[in-house]
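Go ahead and model the full structure; you've got the sequences and the hints to work with.
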Amino acid sequence: MKYSALNLAWHGLRNHGGWPPAWRHASPKPSYDVIIIGGGGHGLGAAFYLASQHGITNVAVLEKGWIGGGNTARNTMTIRDNFLYPDNARFHRAAVESWHTLSNDLNFNIMLSKRGMTTVLMSDRDLSDAKRMVNTTSLFGAEHRIITLEELRKRLPLAESPERLPIVGGIHHPDVVIARHDAVAWGYARAASKLGVDIVENCEVTDILCDAQGVTGVQTSQGKITTRKLGMAVAGHGKQVAAMADVHLPIESVPLQAMVSTPVKPILDNVVVLRGFNTYFMQSDKGELVMGSAADPYPSYSQRGTPQIPEATIAAILQVFPVFERMQFMRQWAGVLDITYDNSPIISKTEVDGFYVDVAGSGGFKTTPLAAIMHADLIANNRPDPLIEAYGLERFSSGRLILERASYGNR
Amino acid sequence: MIFIHCPHCGDRNEDEFAYGGDVEHRRPDDPDAMSDAQWCEYIYCVPNTKGWAKEHWWHVRGCSRWILVERNSINNELRRTDEDSDRE
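These protein sequence lines are chains S and A, in that order. Using our numbering, the letters of the first sequence correspond one by one to residues 1 to 411. Using our numbering, the letters of the second sequence correspond one by one to residues 1 to 88.
This list has only true hints and no planted wrong ones.
A few chain S residues that don't get close to chain A, going by computed Cβ distances all over 10 Å:
1. Leu-8
2. Ser-52
3. Met-330
Below 25 Å or equal to it, Euclidean Cα-Cα: the simulated DMTMM-like pairs (lysine to aspartate or glutamate) are:
4. A/Lys-50 - S/Glu-204
5. A/Lys-50 - A/Asp-86
6. A/Lys-50 - A/Glu-16
7. S/Lys-224 - S/Asp-246
8. S/Lys-64 - S/Glu-201
9. S/Lys-349 - A/Asp-36
10. A/Lys-54 - S/Asp-246
11. S/Lys-286 - S/Glu-311
12. A/Lys-50 - S/Asp-207
13. S/Lys-349 - S/Asp-207
14. A/Lys-50 - S/Glu-201
15. A/Lys-50 - S/Asp-246
16. S/Lys-349 - A/Glu-41
17. S/Lys-131 - S/Glu-151
18. S/Lys-224 - S/Asp-33
19. A/Lys-50 - S/Glu-351
Quick caveat, the hints were computed from the structure, so don't treat them as lab data. Beta carbons: idealized from backbone N, C-alpha and C, even for Gly.
Here you go:
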């Protein structure tokens, strides 16, 4: 069924009793052309693009839990492209653009909302770094601007008066958008299912089967399934899953925390970054303040994180926005990031033929549509698009790393 | 986790400590004897154990000594801590 205003009105008159499920709950067939491990935005997206752009519809997405229940549900929805190195800058610029038509492509409202991001700079070093960033990213078409104290005050009227803090200026990044993260998973699941993709929930991959020619299938909690092409879009446990095929991924799992307040009326339109504190926050469409900062200082699989981080995050926000002193906390959680040595993603073939990976996005929500398009293209054509050549696994042995500082997975 | 038991100082807040890596991840004795692939594996592929692992921790904002900590990375539960003769 196509979602439209007419359909909405019609079902509204019937008390919304007759909506069909958004996607089929499939049981696995014995064999597929392509299997994707991981039913988050990246995995479902790859399946959707395999079906819609490459005509490969005999595809299954295997998800251990439920659709969009992993890091797709645990991120802070912010889509930005303030990256410094050419490969990253190009990729993330294209990634931001790939969001703009997604609601239409999927016939599903992902609630894309153009907020803009305002970064508060608190030292001369921040300011000179910012100038370098603005100049570099402008070469790749990203629109950043250094703003004066007056403009900063106008954009963030709730902030403590800059005279009381060592605030020296700001950056405005108008292209930053937020999107409803759950809707991204649901929209891809629905659109892929419509094209014939089997979405199998509660199906944990327990082994990857290979022979001398490459991948032959997977062993799962719902039985053995054969395939010659296997894509992996797993977050948090990429290392464990790839190890089933004897592929050693150079990643470490580190929690990245986020927290929200109780909802209040609209009070803040921009996404705010406090550069010196490594902290950012914004107000969601539901009215909650969504806050986050740096990754935890040690690796872990705990989806809770260390208490030092929320403490520092809140302290930082209250320094600059004392107005939020009486806000109440509602939830705090962590998503486990797979972080590479250079903080850049891996979208690559592996040494096992037919086994492809899209992992280690270090905050990979913002790249969901583009990474999925590239992953699908890699699986279909068995060669990387020029846009992702730099994200190959070979970079670790060749030494051509992309040591990006602009990710929250900083070391 | 929250508290780490330092064998020298007793139970101290975890933010006094810095993580120093898995004990399994040790520098090879003879780097020159290794192939590029093996060296690459050592540099980039940390053990990243899910479950119990023995780790080096540095009591950097305390007694400044290295200690050994057994930690479960699933829930950050600690089992036992010891002096770290490797790094002293």
